[in-house]
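**Student:** So the chains spell out like this:
4 protein chains.
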Amino acid sequence: MSKTNQQDRLFEKYNIRTDLALESHQAIIEQEGPPELPGVKVHTEEEEGITLTRITVESDLGAQLMGKAPGNYSTLEAPGLRMHNRDLHERLAQLLAKEIEWFFDQAALGEEDALLVVGLGNWNATPDALGPKSVENLMVTRHLLEMSPPELRRGLRPISAISPGVLGLTGIETGEIIMGVAERIGAKAVICIDALASRSVDRLCSTIQVSDTGIHPGAGVGNRRLAINKETLGIPVIAIGVPTVVHAVTIVSDAMDLIEQGHIPSADGDQRPERVQFNIDPEAIMGSRQQRPNANAGVAAGDKRQIISQVLEPYFGTMIVTPKEIDLLIDEVSDVIAGALNTSFHEGVSYDEVFKYLS
Amino acid sequence: MSKTNQQDRLFEKYNIRTDLALESHQAIIEQEGPPELPGVKVHTEEEEGITLTRITVESDLGAQLMGKAPGNYSTLEAPGLRMHNRDLHERLAQLLAKEIEWFFDQAALGEEDALLVVGLGNWNATPDALGPKSVENLMVTRHLLEMSPPELRRGLRPISAISPGVLGLTGIETGEIIMGVAERIGAKAVICIDALASRSVDRLCSTIQVSDTGIHPGAGVGNRRLAINKETLGIPVIAIGVPTVVHAVTIVSDAMDLIEQGHIPSADGDQRPERVQFNIDPEAIMGSRQQRPNANAGVAAGDKRQIISQVLEPYFGTMIVTPKEIDLLIDEVSDVIAGALNTSFHEGVSYDEVFKYLS
Amino acid sequence: MSKTNQQDRLFEKYNIRTDLALESHQAIIEQEGPPELPGVKVHTEEEEGITLTRITVESDLGAQLMGKAPGNYSTLEAPGLRMHNRDLHERLAQLLAKEIEWFFDQAALGEEDALLVVGLGNWNATPDALGPKSVENLMVTRHLLEMSPPELRRGLRPISAISPGVLGLTGIETGEIIMGVAERIGAKAVICIDALASRSVDRLCSTIQVSDTGIHPGAGVGNRRLAINKETLGIPVIAIGVPTVVHAVTIVSDAMDLIEQGHIPSADGDQRPERVQFNIDPEAIMGSRQQRPNANAGVAAGDKRQIISQVLEPYFGTMIVTPKEIDLLIDEVSDVIAGALNTSFHEGVSYDEVFKYLS
Amino acid sequence: MSKTNQQDRLFEKYNIRTDLALESHQAIIEQEGPPELPGVKVHTEEEEGITLTRITVESDLGAQLMGKAPGNYSTLEAPGLRMHNRDLHERLAQLLAKEIEWFFDQAALGEEDALLVVGLGNWNATPDALGPKSVENLMVTRHLLEMSPPELRRGLRPISAISPGVLGLTGIETGEIIMGVAERIGAKAVICIDALASRSVDRLCSTIQVSDTGIHPGAGVGNRRLAINKETLGIPVIAIGVPTVVHAVTIVSDAMDLIEQGHIPSADGDQRPERVQFNIDPEAIMGSRQQRPNANAGVAAGDKRQIISQVLEPYFGTMIVTPKEIDLLIDEVSDVIAGALNTSFHEGVSYDEVFKYLS
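Line by line, the protein sequences give chains A, B, C and D.
Counting in our numbering, the first sequence runs from 1 upward without gaps.
Counting in our numbering, the second sequence runs from 1 upward without gaps.
Counting in our numbering, the third sequence runs from 1 upward without gaps.
Counting in our numbering, the fourth sequence runs from 1 upward without gaps.
For the record, the hints were derived by calculation from the structure and aren't laboratory data.
Careful: at least some of the hints might be erroneous.
Stated by the list, open to error - Simulated restraints, written as ranges between beta carbons of each label pair: (1) A/313 to B/47: 47 to 55 Å; (2) A/106 to C/318: 53 to 61 Å; (3) A/30 to B/101: 56 to 64 Å; (4) B/318 to A/105: 19 to 27 Å; (5) C/328 to A/153: 44 to 52 Å.
Positions of the beta carbon are idealized from the N, C-alpha and C atoms, including for glycine.
Please put together the full structure from these sequences, using the hints given.
**Tutor:** See below:
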C-alpha cells in the first residue's frame, strides 16, 4: 500500500487531513485509544515557551496506524511565534538548528558533504511561499567554494539552493527538477522546506516539523503527485515544514464531528471531545479496508462529504483557511528556518549568531 | 438602531455574515419566506453569462429585514470571471461601466464634477488588496487638468485616487483620511472600492456589487469602525465591492445548519436546503429582539458559537477562507473594475475601449 | 527667489544635482573655495564606522550659496550599511533616534504631541519605496490611545502614519493630502521619509539626512511641485531622507568635468579634482544671475546639456542610476529608520530595544 | 578565442557594452566603416511602428568583428512599446510569434517536440525579472499531455518552464540547472528569456532580440560564467532578450567619446557623431591585439577607465541605468513575449488570439 493510500485512508476514516505526524498521532489516540500506538515511540521535552516532540515510527504497523511512513518526525511547538517575540524566535531557531544537526547525524552526513536546499511551493501565493522565502534568506556557498583552492575548502560545506516552482506553472513534477539538479551537482542530501496543512488553526505558523521520510504526494499546500524521498532521489531527504493553512474541508468536518458527538462544550469545562474507547485490532487494520463502527456513527462518511462539498463548491479541495495576517507570519517563520539552517550548515556560524547571516 | 446593530442582529439570528445585499435578500427569503420582502424591490436582467440584479431597499422596514441601509444595490454575477475568459471580462466591464453611470445619474453628478476614487484595504494582504490594485490601474486626470487652461477643460472630469491604508497600519480611521482629502480637493463624490466577504464560496471573485449607501463599520475584509457615507462625508458615496473571502465562521455555521436540518443532499437532486416557510411579522422584528422559533431549533445559538469558536481558536473572527489562486483572481477582477471606471469617468473613452487605458 | 530657483541655479552653474546639504556644501567648497561659507556652520563627530555632520544654514546668504533653505541638516554617514552588518545597523539606529529627538527639542514638541509620519514615494517603484517601506514597520498608536481612558494616556504620544502615493497615480499633490489629513487629526508636527538623489554613488543607501526645512519641489526620486514645510502646513516638518539613486545626468556631467579639467587621476594619488580657487563675491551671487568664469570653461554649459541629452534621450531627466541590489539595501535602511523612529517616539522603548518593535 | 574574449575586446577597444547584435553592428560601422562588414549579412523590413532587422553572422571573421558568435540575430524595434499602445503590442506579439517560428524551422524542430522555456534572472530585482515574469504568463502543457492517452497528444507540443534563479542565490550556475532539468525531461530545445543590457537608453524595453547562438558568459543583467548554448546543452538554444538596463559605464563612456571627438551636436542638425572612416584590415584584427589609432585618440583607454571608476566607485560594474517606470514597462513587454510564445508553441492558438491565453 502506497503512502498516498495511507493518507487517503486516514482521511476517509476520520476526516482528518494533516501533514503533521504529531496531529496524526493525537487524532488516532483520541479516536481509537489506547494510550499508546504499537510501533510508534514518542518523546517530549519542554523549555520556556517551546515544546519539542520526537515521534519515531518504527514499524509498518505503526506507519499504517499513523498514515505516516516509518522514520523520524520532530516537532517544535511555539505558540509565541505568532506574537512577534524576538527572544523566542532566537531560542527557537537555535533549538531547530540543533534538531537539524541531529538529523544530519542520523543520515551520516559528513561536514563537507554538499547539500541542496529546496524551497517548495509557489512564491506568488502567500501561504505557499514559505519554501521560496526561506531559501532567499539562506547563505549559499557552493559557487564560492568552487573558486577556492582545495586546501581552503577543508571543513566547509558547499550549499546550493533552488526554488523549483509548482507543477501548474512549470509543467514538470517538482521531484523531477530536484532529481535533475541534485544529480548534476552531486548533492549528498536534499533539504526540502515546504508549507504544510495542519488540522487545527492554532498550529498555523507556530509549529515546525523536521522529518527524514521525505515529501509525500498530495501533501503540503500545493498538489504534488511524485514522492520526494530517499527511494526516488537515491540520497537522504530531510523535510522542514510549517503549517500555514488548514484545508476548509477539515474545519467543516471538525465542526460536524462535534455536533455528531452531541458534544456542546461548556465554557468553563473540558474543551476536548470525549474519547470513545475501544481496542485496536491490528490484523483488521493491516489486512482489510472493512469498515468498523466508529465514533462518527451518526452521519455516514458519504453524506458528510456531500455536506462539505455543498458548502465549498465550486472550489472544494482548493479552499484554504488562513489568518488574515499570514503575510507577516510567513516572513517571520521563514527567518527562523533560514537562520537555523545557516547555523547548522556552517561550522563558522555559532548559535549566538543564528540571525546574523540572513541575507 | 445603527447599521452595526443591523448587521450584528442578522448574524446573531441566522449566523449569516455577508456584505452582499443579494445574499442577505436570498437568506431572508430562504429562512423566513415569503416570496417578497416588504419595502424591498428586486429587478433582474440576464445576458450571456452575466446576471444583473438591482435591489432597492425603499423603507426602514425593508432595511431592518435585510440588515442593509435604504438605497440601491446592483449586483453583477459572472461565474465565468474565474475562467480567465477575456471576452466575458470585456462585456462585464462594459455592463459595469453603464451601471456606474446609472449611479452617477442617481447622485445627480455633473460631467465636470471632480471625483475621488478610494482603494480601501491593505495592499500587502492579498485578499484585501482589491481596492489598491484597482486604483493603481486607474487613469487619474486632476493634476493634468489643473495645468490646462479653463477652456480646454470643458467636459473633462478631474479624477483623483488614493489608497489610504488600514487602521492597524495608519492609526487613523480610513473615513477620517477620506474626509480630510475630499474636503481639501473639493471632490463632489467619492467612489470606494473594497474587498468584501460573501456567504458562499461560489461568489468569490465572480460577483461585483455597486451601491450608494456607503461603507458600513465592520464590513469588508478589514475592520472599520467609522461609516463612510453621505452622512459622514457630506457628499455622495458610491461603493464598488467584490467578495474575495468567506469568513471561516460562515462556512462552519452553514455546515452545521445543513446537519441540524437533517438535510443530507442527494447527489443528483436538489442542492439547496428546503425552505421552512412561515410568515414574517414585521412588528415583532422592528419592535423587539424577542427570539422566535426558527429553522435552527436543534442547537441553541450560544452552543453554535461555542462549537465554532472551538474549531477556530485562537484566531476565530480573523480566519478567512479563500481560493488558493486568489492572487491571480484579484488581478483580473481589478482590471475589470479599473476599465469600467475609466470608461464611465471619461467621455472620450468608449465602451469598445474599456481595457485600453489601463495603466 | 524661490527654493526651486535655488536648486536650478546650483544645477545650472555646477551641474550638481543633490538632495543632501552635505554634498551641496562640499561641492561649493570644492568649486569656489574658500575653506568656509559665510552663514553656514558645520560641526562633525565620529564614532566607529559612523560620521555625524551637523550643518546649520544661518542666513539667506548661506542659503543662496548652498541652494538649501535656512535651517538644520544632520547627516549620518555609515558606508558599512551596505555590508549587512547588524551591529552597525543597531548603533546607527540608536544615533539616528537621538538625532531625531534633538530635532523634536528644536521644534519644541511636547511628549504627548500627536505626530503624523508620512512615507513619501511610490511603493511600486523600488528605489522610490523607501518612505512607504519605513512606514510599514512603524509602531502606530493613535487608534489605540483614542480607546484608552485619558488618565492612561499620560506621557504617551499618538503616532499616525500614511503613505499618500505619488502625483502620477493619485492626481493630487502629496502636500495637499498631507495638509488634509494633518489638519483632520490635529497633528502637531509631520515627519516625512523620502528617497533622495545624491551626487555620488558611494552615498547610496549608506547616508541618512535629517532636516527641519521640509521637502522642496523637485527634490527626491519622485517629482513634487508643492513644498511640504512649515509655511505650507503650519506645523513643523522634520524630513528624513536616504539617497537611493543618482540622476544619470549627474554621473555623465561629473565624468565630463573630470575630462574638462584635464584631470586624469593617478591610481595611487589624489582622487579628487584640484580646486580652482577664487573669491566669492556675495553681492554678485545674491544680486544677479550674470555668468562668471568658472572651472568648466572648456565646454559651455549649453553644450554640456546637449551632450547629456544626446546620451540620455528619450528619457533624459527620468533616467536613474542605482545599484543592482537596491531592493535588499532599501529593506535594510528602512528597518534602521523605523527602529529609530519607534525609539524616539515612545518613552517606553529604550535604545537597547531599537529593533524590538518593528512590525 | 572564446566568446568572453570577443566581448571584452569589443569593450576594451570601443568602450561599448551591449548584448544586442544590432548595436554591435552599428557601432562597428560607425567607428570603423566601411558600409559593410565581411561575413555579416543584414536584412531589414518595416511595418507601421516596427522595424525588423535580421543579422546573420556567417563567418569567424564576421564573429570577430562583431564580438558575437556565428548565427542568426533578429531584432524587433518598436519605440511605441513604451507608450502603452495596446494595438502595437498586439501586432508586435504577432510578428514576434512568426519570427520565433522561423527559428524553430531553422532548428528543424518537430511540432510535437518537447520544449523547455527558461526565465533567466532574479525575480526580486525589477530590471532582471523579465525572464521569470514572462514565464509566469506562459501556458505550460507537459503535465497535462502526460496524463492524456497517446492518440490525443498528436500534434500537441509539451511545454515546460522554469525560472532557475541566479548564481548568487542558488550557488549553482544557471547552465547546470538547465542541463539537469532539460536532460531529465527529454527536452528537444531550450528557449531562454533574459533581460539584456543595451548601449543606448532609447532601446530600453522597446527592442526584442531573438537569436540561436545561446547565452554568453557575462551577458544580460545578471552575471553568468557558463555559456548556455548548443555546445554545452547538446540541443538547440533559442534566446529571447529585451534590454532593460544600460550599464552606467556605457553612458559615461559615451559622453566622454562625444567630448573627445570635439563633437558638440547642434540642436537642429546631425545627432550622430561623425564617422571617422578608414579601412578594416581583417588580418590585423584576427591576428593580434595590437592597438591601432582610432577616433578616441585624445584620452588613453586606461585613463578613461580611471575616470569612469572614479565616478562610479564603490559600485562600478554593478551600477545600472534604468527608467523610473521600469516596473510597468517590464510587465508590458513580458506580456508580449508570453503571448508570442503561446502562439508559436501551440497549433490551436491563432495569431488573433495572441493575448488570449496569458495566465
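**Student:** Each hint: holds or not?
**Tutor:** How the hints compare with the structure:
1. Range check, residue 313 of chain A to residue 47 of chain B: about 24 Å between beta-carbon atoms, so the 47 to 55 Å window is missed.
2. At about 57 Å, the CB distance of residue 106 of chain A to residue 318 of chain C agrees with the hint of 53 to 61 Å.
3. Hint check: residue 30 of chain A to residue 101 of chain B, Cβ distance near 59 Å, so the stated range 56 to 64 Å holds.
4. For the pair residue 318 of chain B and residue 105 of chain A, the beta carbons lie near 41 Å from each other, so the given range of 19 to 27 Å is not met.
5. Restraint check, residue 328 of chain C to residue 153 of chain A: a C-beta distance of roughly 27 Å breaks the suggested window 44 to 52 Å.
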